[in-house]
Amino acid sequence: MTVQENHLSLYVHWPFCEAKCPYCDFNSHVRERVDTGAYRKALLAELDFFAELTKGKRLTSIFFGGGTPSLMPPEIVAAVIEKAKEFWDLSSNIEITLEANPGSSEAKKFAAFRTAGVNRLSLGVQSFDDQALKFLGRIHNAQEAEAAIEIARDTFPRFSFDLIYALPGQTNQAWREELGTALTLAQGHLSLYQLTLERDTAFYRQHRRGKFFLPREEEAADLFTLTREVCEQAGLKAYETSNFAVPGEESRHNLNYWQGGCYVGIGPGAHSRIFADGAWRAVSTLKIPEQWLEKVEQNGAGLAEDVLLTARQRGEEIVMTALRLKDGLDKKNFARNSGIPLKNLINQDALDALKEQNLVVESETRLAATRDGALLVNAILGELLA
Amino acid sequence: MSATENIRNFSIIAHIDHGKSTLADRLIQICGGLSQREMREQVLDSMDIERERGITIKAQTVRLNYRAKDGKDYILNLMDTPGHVDFSYEVSRSLAACEGSLLVVDASQGVEAQTLANVYKALDSNHEIIPILNKIDLPAAEPERIRRQIEDVIGLDASGAILVSAKTGEGVDEVLEALVTQLPAPQGDASKPLAALLVDSWYDPYLGVIILVRIVDGVLKKGQTIRMMSSGREHLVEQVGVFTPKLKRVDALGPGEVGYLTAAIKEVAHTRVGDTLTDAKKPAAKPLPGFQPVQSVVFCGLYPVDTSDYEHLKVSLGKLKLNDASFEYAPETSMALGSGFRCGFLGMLHLEIIQERLSREFDLDLITTAPSVIYKVHMTSGEVKELHNPADLPEVTRIKKIDEPWIRATILVPDEYLGAILKLCEDRRGVQVDLTYAGSRAMVVYDLPLNEVVYDFYDRLKSLSRGYASFDYTIEEYREGNLVRMSILVNGEPVDALSMMIHRSKAEARGRALCAKLKELIPRALFKIPIQAALGGKVIARETLSAMRKDVTAKCYGGDFTRKRKLLDKQKKGKARMRTFGKVSIPQEAFIAALKMDQD
Ligand SMILES: Nc1nc2c(ncn2[C@@H]2O[C@H](COP(=O)(O)OP(=O)(O)OP(=O)(O)O)[C@@H](O)[C@H]2O)c(=O)[nH]1
Ligand SMILES: C[S@@+](CC[C@H](N)C(=O)[O-])C[C@H]1O[C@@H](n2cnc3c(N)ncnc32)[C@H](O)[C@@H]1O
Ligand code: SF4
Ligand SMILES: [Mg+2]
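Quick note, the sequences are listed as chains A and B, same order.
For the first sequence, my numbering begins at 70 and goes up steadily by one.
For the second sequence, my numbering begins at -4 and goes up steadily by one.
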């Protein structure tokens, strides 16, 4: 799979959640009430703004992410999709994903989302263990999660769900069993994330105060390897560090990000990478919903930053994300896409040493982390891009 | 110019923290040297580091005007001195400029090691000594017991000791009277050729070099051409004045007076403390007795963390040196650390202070190598080389023997901690010289190799005695030692900045501890890293840092790659703070920890 230059993905951010999870550092906010009408107008206005910059492209995917986009009125989802159709040429097999939390009230809306045009659902299950869900501060339980999965499977052509593992005290055996449950319920795609402590989250502070302990590096490495083995036995390939799919079922939207494609993001704290006039433009919007809203109402877009990337920066971004992919980096199109030849960007001595250590493989067309290298991508990037 | 019989020159001496600077505050206040608004605690401690640490580092001079009970006006020249052993040369200089001393003893603590050391210095300078029992406002003060202690331990008549609270001001009037009635007036002859002792000098950004002098004979005036007797350099005097403690110009300084002069001198290095200044037209026949030159006792390498800061470090050291002639530096290079400087200090506190000033005043991030003393390496050829840096040790086969400096340490310690302190001294290869008791306290005298003392002996002493032991030392002599150089190899590469001279009997234990510590501090790499300590080619300790197992971010933050790029930049910055040896990066903390490591 390679990126197509005239292809475009659209991301739509819904920044609200019912409660803030203690591990989460996404741009999510809890608000007593949300003026959905105002957000509807603002999203559509921003869509206008970005459409102007990307005229003539073919839209291959849309992703409603958050926050909790399943809290959106389905009508807004429909309106965004309709408007997108006016601006761009939609590919016939366009992938339209929506992230959903598995609460029962949300599950009731699935059918409406489907009607609006969503054809892929990504459910934030996080765990099938009630105690773990409680630790993670989630407001749903395992039973609700399984029920939501049932409905999703019946409603959408494609669906996936997320789990978080490497929780405090989680044994290999316990995770293996939970993963078994997940695989029986899954339909071709899973996202499996190791719990990460992010700065400025409640978990980060609790951990610093010694309230809980995460698995040590060795244990985390074992869990990581075990996850890949179990998934692959079930036919789901680890196509990215934390993403697993039956071939053909990969998230095309995310693959486009990771392979260095063009994308537009609307809503608070969304990011865009747009190729225009011979340069890559990195645009982001204000993160605080109210500030974003105000700015869109004034200017038609809530921009926070709008900069041109140097070829080196662009090249680094692509290397950083592509090396997380099983198939790695597409060497052929790299220089054309980024503007910098790969050999000018990466340290050849380091590359030779990494190949020697069997952490990286290189062919005529691709550069990728090996099975062993997949656990060490950050360190590998540190060496290659030093 | 004042008549000598109306002048009294005195130093305030004491153990660290016994209240010298606070007593100086009260004396300045009573004599009206500063207005209420200008006054603050320990007003003479003007450097930031002095104020923060609450200690005096540089001696300070103040002229006070005092009308005594006899109705006459006197000029009192006060010199406040530091208590810490590293700065004892400051005490010696001040003493040479005075006829008497106020010996301050904390009435709740009693006689401590620097009390003794400084009293002996004052007696050597033929000083009249007035004992002061300070801090009598404290509930724990026991002036009567301490009075006896002074007599027992020091052998000084303390019957006339004045009871003072420098904090409340109680008894300070009596101190002023005692200065006038008990101290001798200075002697000297205004008609003789000028002979002035150069007590101190420092750099002032507005006035250039300021020289502190004590006039012995003759008169110093503006417009006079003076000559430095050691170098023959001549300068035209631009300004003459005194400290009140603010600078105040006067027309002339006569015999017995203490004051300053400026003479368009650009560098402190051109003024030698202890030198004699005389009149170029009418020179004195012979110079005054000077001081022992100060000698650095501890050496270490200072390297910029960021190699591009080398020039900045060089300029900064030059600027610091303008104000502190007591430290020295010379360029050196290290395989491990690149270009830097080997610096000599008066002791560990001095080292710490210079390091802190470099980072604070000049915004420099530094790597400090393990401190070392000066070894004398006797070569088979008969030549004797001074070794300041373990990396420079010659080929072992060409060495006949190595001598190391020894000190004589005096330690005062309450009975209950004596055992622990004796053990500490024995562990550090000490040889007991004397052990006596004064009441419930022991006074122990030990000869110790300086390299066992330099970096953590004082801390250990304090912690083993819960802060009650005090310590003073003098450098004694060089003695032969079974000394070896221990090298540290990381991934097979020697890291010269971590090598150290060490006594053979201690090498294994130290090597093991250091390897274990480095294993904790060096970040794991994509391969396993052996960490070894070796004597010559022989490995005496070894640890292996296993290869990194997992280092990958779970989430990829949707399309927010700006954030990922920032993380990568942070990773790169972190690397810049490390030094690379072969393929391994060693963080700055590892060098510091190696230096701080507890020996026991
Ligand atoms: N209660 C009480 N505290 C005092 C008295 N004199 C000094 N102190 C306190 O003792 C501490 C040390 O006082 P300094 O005047 O800085 O002592 P020093 O002898 O100049 O110290 P160094 O210059 O570092 O040797 C300070 O916290 C003072 O406030 C006193 O008479 N009574
Ligand atoms: C945009 S987030 C949240 C989507 C949705 N609001 C939810 O919580 O289900 C996508 C996924 O990232 C994962 N995630 C978020 N924070 C994480 C963390 N600190 N460590 C590991 N995974 C995390 C969760 O599995 C989550 O479902
Ligand atoms: S529901 Fe999802 S986006 Fe919202 S706080 Fe929790 S993890 Fe973050
Ligand atoms: Mg002081």
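Each hint should be verified, as a subset may be incorrect.
What the hints assert, rightly or not - Capping the alpha-carbon separation at 30 Å, the derived lysine-lysine pairs in BS3-like fashion look like this: (1) K116(B) with K277(B); (2) K356(A) with K568(B); (3) K89(A) with K116(B); (4) K116(B) with K400(A); (5) K523(B) with K412(A); (6) K565(B) with K400(A); (7) K309(B) with K424(A); (8) K306(A) with K550(B); (9) K401(A) with K561(B); (10) K570(B) with K412(A); (11) K364(A) with K578(B); (12) K567(B) with K309(B); (13) K316(B) with K400(A); (14) K424(A) with K550(B); (15) K89(A) with K309(B); (16) K177(A) with K578(B); (17) K89(A) with K162(B); (18) K395(A) with K309(B); (19) K412(A) with K316(B); (20) K424(A) with K396(B).
For the record, the hints were derived by calculation from the structure and aren't laboratory data.
Here is how each hint holds up against the structure:
1. Taking the CA atoms of K116(B) and K277(B), the gap is near 33 Å; set against the 30 Å cutoff, the hint is violated.
2. At most 30 Å may separate the alpha-carbon atoms for a hinted pair to count; K356(A) and K568(B) meet this at roughly 27 Å.
3. At most 30 Å may separate the alpha-carbon atoms for a hinted pair to count; K89(A) and K116(B) exceed this at roughly 70 Å.
4. Of the pairs offered as hints, the one joining K116(B) and K400(A) is violated, with about 79 Å between alpha carbons and a cut-off of 30 Å exceeded.
5. For the hint linking K523(B) to K412(A), the alpha-carbon distance of about 28 Å falls within 30 Å, and the restraint holds.
6. Note on K565(B) and K400(A): the hinted pairing holds, with a Cα-Cα distance of about 26 Å set against a maximum of 30 Å.
7. Of the pairs offered as hints, the one joining K309(B) and K424(A) is violated, with about 42 Å between alpha carbons and a cut-off of 30 Å exceeded.
8. With a CA separation close to 17 Å, the supplied pair K306(A) and K550(B) stays within the 30 Å bound.
9. In summary, the hint linking K401(A) to K561(B) is supported, as the alpha carbons are separated by about 26 Å, within the 30 Å threshold.
10. At most 30 Å may separate the alpha-carbon atoms for a hinted pair to count; K570(B) and K412(A) meet this at roughly 22 Å.
11. A threshold of 30 Å between alpha carbons decides the hint, and for K364(A) with K578(B) the separation of about 50 Å lies outside it, so the pair is violated.
12. A threshold of 30 Å between alpha carbons decides the hint, and for K567(B) with K309(B) the separation of about 26 Å falls inside it, so the pair holds.
13. Under the criterion of a C-alpha separation no larger than 30 Å, the hint pairing K316(B) with K400(A) is inconsistent with the structure, at around 57 Å.
14. For the hint pairing K424(A) with K550(B), the CA-to-CA distance comes to about 25 Å; that is within 30 Å, so the pair holds.
15. For the hint pairing K89(A) with K309(B), the CA-to-CA distance comes to about 52 Å; that exceeds 30 Å, so the pair is violated.
16. A hinted pair counts as satisfied when its Cα atoms are at most 30 Å apart, and K177(A) with K578(B) does not qualify at roughly 58 Å.
17. Restraint check for K89(A) and K162(B): the C-alpha separation of about 56 Å exceeds 30 Å, so the hint is violated.
18. Simply put, K395(A) and K309(B) have alpha-carbon atoms about 51 Å apart, too far for the 30 Å limit, and the pair is violated.
19. Taking the CA atoms of K412(A) and K316(B), the gap is about 48 Å. The hint is violated against a cut of 30 Å.
20. Of the pairs offered as hints, the one joining K424(A) and K396(B) is violated, with about 50 Å between alpha carbons and a cut-off of 30 Å exceeded.
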